[in-house]
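Chemist: The task is simple: from the sequences and hints, build the whole structure.
Protein chains: 2
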Amino acid sequence: MTTAPAREPAQRKGRPRDERIDTEITSAALEELSEGGFERFTVEAVAARAGVAKTTVYRRFPTREDLVLGALLRLNDDLPAPPPPGPVRERLIAVLQAVRSRATNSSRGRLLMQSVGEGLHSPELAEMVHARVLAPRRQVLRDVIADGIASGELRSDLDPDALIPVLVGPMFYLGAWKCVASAPKVSVEAIVDTVLVGLLPLRP
Amino acid sequence: MTTAPAREPAQRKGRPRDERIDTEITSAALEELSEGGFERFTVEAVAARAGVAKTTVYRRFPTREDLVLGALLRLNDDLPAPPPPGPVRERLIAVLQAVRSRATNSSRGRLLMQSVGEGLHSPELAEMVHARVLAPRRQVLRDVIADGIASGELRSDLDPDALIPVLVGPMFYLGAWKCVASAPKVSVEAIVDTVLVGLLPLRP
DNA sequence: CTGTTGCGAAACGCAACCGTAGCGCAAAGT
DNA sequence: ACTTTGCGCTACGGTTGCGTTTCGCAACAG
Chain E
1 MTTAPAREPA
11 QRKGRPRDER
21 IDTEITSAAL
31 EELSEGGFER
41 FTVEAVAARA
51 GVAKTTVYRR
61 FPTREDLVLG
71 ALLRLNDDLP
81 APPPPGPVRE
91 RLIAVLQAVR
101 SRATNSSRGR
111 LLMQSVGEGL
121 HSPELAEMVH
131 ARVLAPRRQV
141 LRDVIADGIA
151 SGELRSDLDP
161 DALIPVLVGP
171 MFYLGAWKCV
181 ASAPKVSVEA
191 IVDTVLVGLL
201 PLRP
Chain Y
1 MTTAPAREPA
11 QRKGRPRDER
21 IDTEITSAAL
31 EELSEGGFER
41 FTVEAVAARA
51 GVAKTTVYRR
61 FPTREDLVLG
71 ALLRLNDDLP
81 APPPPGPVRE
91 RLIAVLQAVR
101 SRATNSSRGR
111 LLMQSVGEGL
121 HSPELAEMVH
131 ARVLAPRRQV
141 LRDVIADGIA
151 SGELRSDLDP
161 DALIPVLVGP
171 MFYLGAWKCV
181 ASAPKVSVEA
191 IVDTVLVGLL
201 PLRP
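Sequence lines, in order, name chains E and Y. Heads up: the first sequence begins at 1 in the working numbering, then just goes up one per residue. Heads up: the second sequence begins at 1 in the working numbering, then just goes up one per residue.
It should be emphasised that the hints constitute simulated quantities derived from the structure, not laboratory data. These figures come from a predicted structure and were not determined experimentally. Be aware that a few hints might be false.
No distinction is drawn between identical chains; accordingly, a pair holds when it is met within one copy or between any pair of copies.
As the list claims (entries may be wrong) - Distance condition first, Cα-Cα at most 25 angstroms in a straight line; then the derived SDA-like pairs of lysine to any residue:
{"no.": "1", "residue 1": "LYS54", "residue 2": "ARG155"}
{"no.": "2", "residue 1": "LYS54", "residue 2": "ARG20"}
{"no.": "3", "residue 1": "LYS185", "residue 2": "ASP66"}
{"no.": "4", "residue 1": "LYS185", "residue 2": "LEU196"}
{"no.": "5", "residue 1": "LYS185", "residue 2": "SER156"}
{"no.": "6", "residue 1": "LYS185", "residue 2": "ASP22"}
{"no.": "7", "residue 1": "LYS185", "residue 2": "GLY198"}
Modeler: Next up, the structure:
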């Protein structure tokens, strides 16, 4: 109101913030979360890993929870590329295999799974993860399903939204037992084929 | 080696342990875990809730982790009853609806989901939860599937183990978003029907 | 009765971690 | 020039929670 506040000043006076440090901090926080989980997550470890003073962290993220949220926002940095055109079966397998490998191999995938569990105790976290991280990923699968319906490869009376849990759920289920020796091994292809064909007999 | 060690002394000399206190402690620990999650779980809160001295807790569970494991062992106290005979579709819906309600409504179900996430950082915990808690529950579903195959209601070339992720996975997926307002709502019946019929067209 | 163990109460040492403050210097504005 | 802000470093206060110890009393075995 003084002269012209400018909509995006973000830097009025004094030394501007180093934006590279922002990414350094969130990257370090993301790695810390991935390796140790929420329980062992500490601000000091993040600062140390980022090679940054603790003060600098607290200037951007006033509290530990803010830092967690800021880190989780970077979970979709490695968004999977949409699968190339082709038969629906192959496209579904491609998408779901990406989901599966993310839910197991990569440390970020494990973190995503943990975030779901932690979100049950923190609505704010749950809403953020859902809106900013998972919604974009679901869109990819939705598109594949819609394409399949449009091309006649899938039943025309299917509801894409209802299919998401059917297809993605098993990937999470498999990913959860990746580290358990006694867990059964099931391939993504087998699951996709099972869902495509259905369980009922009398099939040509 | 002295005289005759006796295989199950469990009480050689002195005052015997009050077994009711064991269940008091594990119950309290289970409730604490369900309400606050692993991150906020403390031994002192468990002792307070159980109305027991902290010393008494530490006598049975030497460390915090042991107490966690001891509490999780009681997760299958409320095992669901196997569904009554009937059409496979209805039996599947019954079993999966139980899974779903456990994964959302009950605080224990949410804890189970969190245990999966936490198990990714603790192999011991993961193995225990899988062997002692989840394996018994899967058996119920396996039986329903096997019955369906035997009665000819399901395809004879199905692998029951491969079906478990297909059916249970979506329940976990739905349960995870129970608390997220923007999540899509899908009924268990719709999922079962989708999986039963399959996604391909050309169906009579 | 004597010895041994279980239980509760209270306090302790100890370590970790959150969040803050002071100092010195660097990097931008006016 | 002067001022304002960012950054690192160091240290601090305060809290929390783990795991232990001590003491007094209760319960059970021989």
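Chemist: For every hint, state whether the structure bears it out.
Modeler: Each hint tested on the structure:
Proximity of LYS54 to ARG155 under the C-alpha cut-off of 25 angstroms is found in neither arrangement, the shortest distances being 56 angstroms within a copy and 61 angstroms between copies. Taking the closest pair of Cα atoms, LYS54 and ARG20 come within 25 angstroms of each other only inside a single copy of the chain (16 angstroms); across copies the shortest separation is 48 angstroms, beyond that limit. In this homomeric assembly, LYS185 and ASP66 never come within 25 angstroms of each other (Cα to Cα): the closest approach is 38 angstroms inside a single copy and 29 angstroms across copies. Taking CA atoms no more than 25 angstroms apart as the test, LYS185 paired with LEU196 passes in both settings, with 20 angstroms inside one copy and 22 angstroms between copies.
Proximity of LYS185 to SER156 under the C-alpha cut-off of 25 angstroms is restricted to the inter-copy arrangement: shortest distance 20 angstroms between copies versus 32 angstroms within a copy. In this assembly of identical chains, LYS185 and ASP22 lie within 25 angstroms of each other by CA distance neither inside one copy nor across copies; the values are 41 angstroms within and 37 angstroms between. For the identical chains of this complex, LYS185 and GLY198 are neighbours both inside a copy (20 angstroms) and across copies (22 angstroms), given an alpha-carbon limit of 25 angstroms.
Against the hints set out earlier in the document, violations occur for numbers 1, 3, 6.
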